[in-house]
Amino acid sequence: MTKSYLSLELIDKSFERGNVRTEVLKQVSLSVDKGEFISIIGHSGCGKSTLLNIVAGLTQATTGVVLLDGRVADEPGPDRAVVFQNHSLLPWLTVYENVRLGVDKVFGSTKSKAERHEWTMRNLELVQMAHAGDKRPSEVSGGMKQRVGIARALAMEPKVLLLDEPFGALDALTRAHLQDQVMQIHAELGNTVLMITHDVDEAVLLSDRIVMMTNGPSARIGEILAVPLARPRRRIELAADRTYLKCREAVLKFLYERHRFVEAAE
Amino acid sequence: MSVTNLKLKDQPASRPAAPVIAFTRSVKQAGSRPLLARLAAGAANVAPLIVTLSLILIAWQIICSAPDSSLPSPTRVLEESWELIAHPFYVGQGVDQGLFWHIAASLQRVAIGYALAAVVGIALGALVGQSQLAMRGLDPIFQVLRTVPPLAWLPLSLAAFQDGTPSAIFVIFITAIWPIIINTAVGIRNIPQDYQNVAKVLRLNAFEYFGKIMLPAAAPYIFTGLRIGIGLSWLAIVAAEMLIGGVGIGFFIWDAWNSSLISDIIVALIYVGIVGFFLDRLIALVGRVVTRGTATA
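In order, the protein sequences belong to chains A and B. Quick note on numbering: the first sequence equals residues 1 to 266 in the numbering used here. Quick note on numbering: the second sequence equals residues 1 to 297 in the numbering used here.
Chain A with its partners taken away, still in its complex shape (with noise of 0.2 Å):
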């Protein structure tokens, strides 16, 4: 087996409707090092969201395994904590109590209640969010909802994140300002990212390498671009950089010029 931190060996995905068998994702295999900030970009219908669902162990692959530091993950877990798109914050909780859900569950029987409580708070700090503790996520902006999930996956110490494009419902000066802030936890707390992204932008911004996926149906990774571009980097730098330029260049390529999206592909 590899040596690598989070590894995804063979994945092959394929859905069953009667006698319909439709793949979805055939023979992916990647390898994640600790720390390591990966996006997967694609086209809508592509099976990124389905490549981290698996990750995740919410979906479970038809053959292959994910191995994380060493051990198969097939189940749903804490250590795989999942920011959803739609946040999917629970109403009838605080934002507080959302993330403390989370910590109780995950240091129970480790940590002291103050402890959990400082620990909630914490992480609240960490994505400015401790002020509205005590508000309903009715009650925040969707970017405030958003940064709240984010403090719930990263209370429970995960051993990697994973973002279902985190930022795809919010509007562009809200997105910018929570990818600078995730840029910084990932800067603080060096942990290992999986992001599912559809925006160039973002992808180039925030990753160390950017996962290309080729169109569905039996989607695949077509190529790993890596981003040599040093941290902590500045949007507005970046924007004439020419390392920069080029990434975003080689993306753009790949996805409009050899994967254009076709549409009703059956």
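Heads up, a few of these hints could be off.
Claimed, not checked - Pairs of lysine-lysine residues, derived as DSSO-like cross-links and limited to a Cα-Cα distance of at most 27 Å, are as follows:
1) Lys200(B) x Lys105(A)
2) Lys200(B) x Lys135(A)
3) Lys26(A) x Lys200(B)
4) Lys200(B) x Lys111(A)
Source of the hints: derived by calculation from the structure; they are not laboratory data.
Please arrange chain B on chain A, whose structure you already have, making use of the hints.
Okay, now just chain B, sitting in the frame of chain A:
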């Protein structure tokens, strides 16, 4: 939010000013206008009700004012049943009690039967909503049994319990339980996949899932069922008590009919209606308090 904060950083002086002005204005309003304004608003709400009530009473008075009328007019009701209206807390022998005590006895039966129905109904509803197998096995039975009219259960329960009060409580139970089961099951079947995924990632066990995800997520549906259930219970208790006798508003009405005290029946019906209305409002209020924040996901 933080994005807007950032954008506004260069003009912070103007921001606190606006709320302050708004605040003083609202204080001024609170000082001078509100009492009159609130009275006017209250009157606007109540006035249509008073008008319709008066019209109904006037029509009733006219229709039933003939000396040979089979039903009493409002003034005759007041005259004939004044004792009953004026002394709701009267305590006498046997079933000769003030209306308050009759209502209280009925409410007690409803409370026991309804509480049992709520507990069992939510549990069964959770089972049927959660498990496909339980749904296939139980749902057809529920669908058939729920169409049996409440009173049809009474002879059977009298045979089983050999006593009036437990039989009446059973009738309440069996009447209220179906909407609770069905609505709970629907609520649980409709729990969004997102919440289930959250529960899976957190590795909540069955018990935690039930308390932390299932009940709160299904609460709006459960309370719809509870609200329908309380209404049906109150409908059923009056009918059941007519047959089992003893202290209770149902038997009071039946007794009044046997004694040809039509005015007393009318007073009792008004009580029944008002109590039923408040029961419904009570459950709705509890539901609002409990499900606070879940309406907007």
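Which of the numbered hints are not met once you compare them with the structure shown? none
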